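Count the sequence shown with mature numbering (1 follows the signal peptide of the UniProt record, and there is no 0) and you get residues -31 to -1, 1 to 156, in order.
Hints are not guaranteed to be accurate.
Simulated restraints, written as ranges between beta carbons of each label pair [unchecked claim]:
#1 GLU83 x PHE141: 30 to 36 Å
#2 GLU78 x GLU46: 21 to 27 Å
#3 SER144 x ASP44: 37 to 43 Å
#4 ASP56 x HIS96: 21 to 27 Å
#5 GLU11 x SER144: 17 to 23 Å
#6 GLU51 x GLU78: 14 to 20 Å
#7 ASP82 x GLU11: 52 to 58 Å
#8 MET15 x GLU78: 38 to 44 Å
#9 ARG79 x VAL140: 22 to 28 Å
#10 ARG21 x HIS96: 43 to 49 Å
#11 GLU78 x LEU16: 37 to 43 Å
#12 CYS155 x PRO80: 48 to 54 Å
#13 LEU143 x ARG(-16): 16 to 22 Å
In case anyone wonders, no lab produced these hints; they're calculated from the structure.
If you're wondering where the values come from, they're calculated on a predicted model, not measured in any experiment.
Backbone N, C-alpha and C fix where the C-beta goes; we use that ideal spot for every residue, glycine too.
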Amino acid sequence: RIHPAMARGVVWRRWRTAVLVLGVSVAMALGEDEGVGDNLAEENAMLRLRLRALEDEMHDEVQYSYVIVKGYITDAENVYMETMDVDQAKAYCNSNSRCKGFTFTGPDERPEDEVTVAFKAGSKVAHDVNWVSYVKESSMFGALHGAMKLDEAGSPAVISHGLTFESICIVFALSLSVVFICRRRCG
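Make a model of the complete structure from these sequences and hints.
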């Protein structure tokens, strides 16, 4: 069973990353308005340091996207089985390299109560409306490709697909960096 403190630690690291990205954005905006940091090389060096800090943060906590499928994972070895909520199950599966996904009974993809989760070493899903499976993918594009593979495997209905919080932060940070660099060079 994953300890609640571990789940809170995951959430805390995510919020810390978001605050760091927001702080970088605000600092860059203030520097632009007050004329601070006119040296482009110095600004680029600061951006590299911030990017390296974000990369180190993300390296510490490998996250995956999941394809949520109506059905159960079949023809795969059980890695572990425990009663927990979906967020705890994701945290466990993220931390275990053998885990390719997890499955539990029930029609609801985000049950309010804890459920008995079976962590699996495979990702082949058999369609069944009474089961829900989360299949791990290493990237947002990989998850979409995984949904296509799952569809071919047994035509399950893909319920939803979520991007990881870290992917959104990286895209946001890179977008802001591009905007500030373009403003600096063009204006």
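Results of checking the hints against the structure:
no.	hint	in the structure
1	GLU83 x PHE141: 30 to 36 Å	33 Å, holds
2	GLU78 x GLU46: 21 to 27 Å	24 Å, holds
3	SER144 x ASP44: 37 to 43 Å	42 Å, holds
4	ASP56 x HIS96: 21 to 27 Å	25 Å, holds
5	GLU11 x SER144: 17 to 23 Å	22 Å, holds
6	GLU51 x GLU78: 14 to 20 Å	19 Å, holds
7	ASP82 x GLU11: 52 to 58 Å	54 Å, holds
8	MET15 x GLU78: 38 to 44 Å	42 Å, holds
9	ARG79 x VAL140: 22 to 28 Å	24 Å, holds
10	ARG21 x HIS96: 43 to 49 Å	45 Å, holds
11	GLU78 x LEU16: 37 to 43 Å	39 Å, holds
12	CYS155 x PRO80: 48 to 54 Å	51 Å, holds
13	LEU143 x ARG(-16): 16 to 22 Å	19 Å, holds
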